[in-house]
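With the sequences and hints as input, model every part of the structure.
Protein chains: 2
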Amino acid sequence: MATVTCFITLSLACLHVTALKSQLFTRLGDLSYSSEPPITYETFYFNQKIDHFGFLEDGTFKQRYLVADKHWQQPDGPILFYTGNEGDITWFCNNTGFMWEIAEDLGAMLVFAEHRYYGESLPFGQDSYSDSKHLNYLTSEQALADFAVLIQSLKSKMPESPVISVGGSYGGMLSAWLRMKYPNVVVGALAASAPIWQFPRMVGCGDFYKIVTQDFAKSGQNCAANIRSSWKAINNISSTASGLQWLSEEFSLCSPLKAKTDAVVFKSWLQETWVNLAMVDYPYEASFLQPLPAWPIQVVCKHLTFDSKVSDYDLLHGVSQAAKVYYNYTGSSSCLNTSQTATSSLGALGWTYQACTEMVMPMCTDGVQDMFEPEDWSFQAFSDECYGMFGIRPREDWAGTLYGGKDISSHSNIIFSNGGLDPWSSGGVTYNITDSLVSIMIPDGAHHLDLRYSTSLDPPSVRSARALELKYFQEWIEKAKTRSGQTGSENQL
Amino acid sequence: MATVTCFITLSLACLHVTALKSQLFTRLGDLSYSSEPPITYETFYFNQKIDHFGFLEDGTFKQRYLVADKHWQQPDGPILFYTGNEGDITWFCNNTGFMWEIAEDLGAMLVFAEHRYYGESLPFGQDSYSDSKHLNYLTSEQALADFAVLIQSLKSKMPESPVISVGGSYGGMLSAWLRMKYPNVVVGALAASAPIWQFPRMVGCGDFYKIVTQDFAKSGQNCAANIRSSWKAINNISSTASGLQWLSEEFSLCSPLKAKTDAVVFKSWLQETWVNLAMVDYPYEASFLQPLPAWPIQVVCKHLTFDSKVSDYDLLHGVSQAAKVYYNYTGSSSCLNTSQTATSSLGALGWTYQACTEMVMPMCTDGVQDMFEPEDWSFQAFSDECYGMFGIRPREDWAGTLYGGKDISSHSNIIFSNGGLDPWSSGGVTYNITDSLVSIMIPDGAHHLDLRYSTSLDPPSVRSARALELKYFQEWIEKAKTRSGQTGSENQL
Chain A
1 MATVTCFITL SLACLHVTAL KSQLFTRLGD LSYSSEPPIT YETFYFNQKI DHFGFLEDGT
61 FKQRYLVADK HWQQPDGPIL FYTGNEGDIT WFCNNTGFMW EIAEDLGAML VFAEHRYYGE
121 SLPFGQDSYS DSKHLNYLTS EQALADFAVL IQSLKSKMPE SPVISVGGSY GGMLSAWLRM
181 KYPNVVVGAL AASAPIWQFP RMVGCGDFYK IVTQDFAKSG QNCAANIRSS WKAINNISST
241 ASGLQWLSEE FSLCSPLKAK TDAVVFKSWL QETWVNLAMV DYPYEASFLQ PLPAWPIQVV
301 CKHLTFDSKV SDYDLLHGVS QAAKVYYNYT GSSSCLNTSQ TATSSLGALG WTYQACTEMV
361 MPMCTDGVQD MFEPEDWSFQ AFSDECYGMF GIRPREDWAG TLYGGKDISS HSNIIFSNGG
421 LDPWSSGGVT YNITDSLVSI MIPDGAHHLD LRYSTSLDPP SVRSARALEL KYFQEWIEKA
481 KTRSGQTGSE NQL
Chain S
1 MATVTCFITL SLACLHVTAL KSQLFTRLGD LSYSSEPPIT YETFYFNQKI DHFGFLEDGT
61 FKQRYLVADK HWQQPDGPIL FYTGNEGDIT WFCNNTGFMW EIAEDLGAML VFAEHRYYGE
121 SLPFGQDSYS DSKHLNYLTS EQALADFAVL IQSLKSKMPE SPVISVGGSY GGMLSAWLRM
181 KYPNVVVGAL AASAPIWQFP RMVGCGDFYK IVTQDFAKSG QNCAANIRSS WKAINNISST
241 ASGLQWLSEE FSLCSPLKAK TDAVVFKSWL QETWVNLAMV DYPYEASFLQ PLPAWPIQVV
301 CKHLTFDSKV SDYDLLHGVS QAAKVYYNYT GSSSCLNTSQ TATSSLGALG WTYQACTEMV
361 MPMCTDGVQD MFEPEDWSFQ AFSDECYGMF GIRPREDWAG TLYGGKDISS HSNIIFSNGG
421 LDPWSSGGVT YNITDSLVSI MIPDGAHHLD LRYSTSLDPP SVRSARALEL KYFQEWIEKA
481 KTRSGQTGSE NQL
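Protein sequences, first through last, are from chains A and S.
Take the first sequence: its letters are residues 1 to 493, numbered as in the UniProt record's numbering.
Take the second sequence: its letters are residues 1 to 493, numbered as in the UniProt record's numbering.
Any given hint could turn out to be false.
Copies of the same chain look alike in the list, so a pair counts if it works inside one copy or between any two.
Here are the computed lysine-lysine pairs in the DSSO-like style, where the Cα-Cα straight-line distance is at most 30 Å [to be verified]:
(1) Lys406 to Lys471
(2) Lys157 to Lys406
(3) Lys70 to Lys210
(4) Lys62 to Lys406
(5) Lys260 to Lys218
(6) Lys406 to Lys479
(7) Lys309 to Lys324
(8) Lys258 to Lys309
(9) Lys481 to Lys309
Keep in mind the hints are simulated off the structure, nothing from the lab.
Here's what the structure looks like:
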């Protein structure tokens, strides 16, 4: 079972477990946007309780947060508060152009708060990841409590400023959940590409990979079909030592494949490559996980147009050319590293821990509706792997109970934006639940395209999305200002 | 400082810290209602995680809950879910007549869930209170998570039954908070006499004792004034050994006062007696803390009608007669026990722990607007006492951040009922916040009178309150049934 192998070895991005992790962490590379303006912010540190939900552990740690107040209009200009994901907050700060671009319009202060256990916000310093005892305070509830306490502290200094939370991906989930759990601290939330329903029994476990497959199917003739055929070709060729050597050379692997188990790792790495491409299938040249051309899947698919009569070797030559679009677009890579999409940074381990506790996101493939090797979802196998790694077990239904699952209609003022190309839209809110719990679909958008800096190549759908998001922000701010000072009436009997 | 003394000795009900505790725990005595019908229920136990918010502690304990399904109409009759307070759940089950009386009208199932660390629901059995390590999971958040998980389990068997939470006092706070934090599990909540605003900086710390004083002031000529004078009289008389002996005999104390510090304890006991009377100032004879006559404060005040010219001895004779209305109405007590209103049960210790962690409820007196000896509120002194007792410190602002303080307007479907005679109405929601966050005032009601069995002596205000509560329940149930099956629309750009 690939899932087990993957978890036990921890040597590589784990197909069914760490897809979200890889999606977020592989972005932590070296990024640059030619179009982005210079941004400036100040860095602060806030003393947070290590444990908000118990009183025995009364220690504190320094949570990092960044503040940009250049456009803030005293005394009641709003605060846009980014709910940090599982990574270094400066990276999210630099890559959420939407907030920087609307700050002036809104007269807003920008705050980017780092998520505990990531970046510099380590509850136990270098020991934070030393064992499951130190990891015990790495939960989304603790992170939300950090955000709420920090916002209350900001509000004590700026009581008239309404606060809006913003986040993408896991940060988008946190943004929505912050509004759900602490509506006293934020008047509304933007949850961009936030798969809040990617939990057990909420959506089909195969939906994610179906979307990846659709992206490839519509980006080039035979493209998805050839990738579907490639796994068997790899199995055939990797069954001999000479085949393994051929594969290693064909793909210019930095570490040659030596055993059959290496082929399993190799296939996972390829699978994750296709997933990553689906997430970053942006309409313009960009450096995200890697420097990539505009509409990178179309470019990838140009190497995979042949029909089914092709030999295993010819097929895999096409696949290697396709992979190199992703890993060597600039031609500067001397070899491909199959451990590249799963960094061994603290962050990756942190997300694996979160997936092994609350963030249970079932994934499966069937090879028919998707282009991957069939693999069932088994909670028990997943749980056993987590136990082997951390000595703890995930709780299958807890996130659903805690965050409401599909029954969230009593909440308000949350925008769920989703990209039609983004596989994570499988777990997103893709329809309006109420008038104030709205979904914005961006059919030709990949993973939280709306949060990125605007460019001249942006499709109309993402421009409209951003305009609508801004309109909701303005409404919430207006309403918050009208409401303050109102009092209620009495029901005297 | 009385607060400090009180906390260090733990020998007696603590004036400023444990008023809520005493209010709830002293009710755990022997109760009987002549008017109450026989009730039957089944007892069940549910495996709950000891720690919902961390994964290192993966143990479980058995949470007790009681079920009465005699009137339940399959398959979609509602469930009325009592969110247990800090005590034995069978007691709350037996004393929430309102639920039993409306079950048939609604075709409802009744569920009474015990709060962790009370009654039989002890996370670590007999060790649960052994130290602050074992007490670490005694928080309102953990209790709410218990309720949410239990309800989700019930819903998995009865998916069509809308659930409404009901509670009084601390149980009422939990009922409201359950709807706020887990609106996916309950469609609405009745929070009877729930002082959700009795936290720092939300209401005046003296409001509670002002209401106690008003109850006495309007129940008899000179009544509050004479109690106000009594403290100095006690101070005067207790300054000598013979005075202490006189006091002990006059009040028929089981344990004679021997030192000046005993007089401090004695005064706290008296103060708590007046507080308890204010809470149970019901319009009919009832056995609550003690067997009492109808409108007991009026009866008490008959002994305190003299004007200010009276001697210390005569004044305190009146006070002793008044106290005996409370402690010896039936004439069966051979002596009065000054440790009586603070039981040394686990429950009392549990509430003290909760007050020393999250449930920081500032109380103060000034002797002018109230009839008590002046005493300021000092968070620091309170914190130091807690640290001395448990090795932990309270967090002054946490409850406000967690539960929203006065900014709860985005929630829905909560009824806050309050009695005008009830001192806890000082921290209650006494005005409508929105159309679905409503307050019901019962001017001539004491502590959650509306939750008690109906009697022929009920004032019209409590009858109207119960009728209105039932009407809201019916509306919520109706809406929940209409809503199921509806789907949303898409915002395609």
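Hints, verified against the model:
1. Lys406 to Lys471: both (26 Å within a copy, 28 Å between copies)
2. Lys157 to Lys406: between (37 Å within a copy, 18 Å between copies)
3. Lys70 to Lys210: Answer is neither: 44 Å inside a copy and 49 Å across each miss the 30 Å cutoff.
4. Lys62 to Lys406: Between copies only: 29 Å across chains, 35 Å inside a chain, cut-off 30 Å.
5. Lys260 to Lys218: Result: close neither inside a copy nor across copies, 33 Å intra and 89 Å inter.
6. Lys406 to Lys479: both (27 Å within a copy, 17 Å between copies)
7. Lys309 to Lys324: within (23 Å within a copy, 101 Å between copies)
8. Lys258 to Lys309: For Lys258 and Lys309, the Cα distance is within 30 Å only inside one copy (29 Å; across copies 104 Å).
9. Lys481 to Lys309: For Lys481 and Lys309, neither the intra-copy (67 Å) nor the inter-copy (57 Å) Cα distance is at most 30 Å.
Of the numbered hints listed earlier, those contradicted by the structure are 3, 5, 9.
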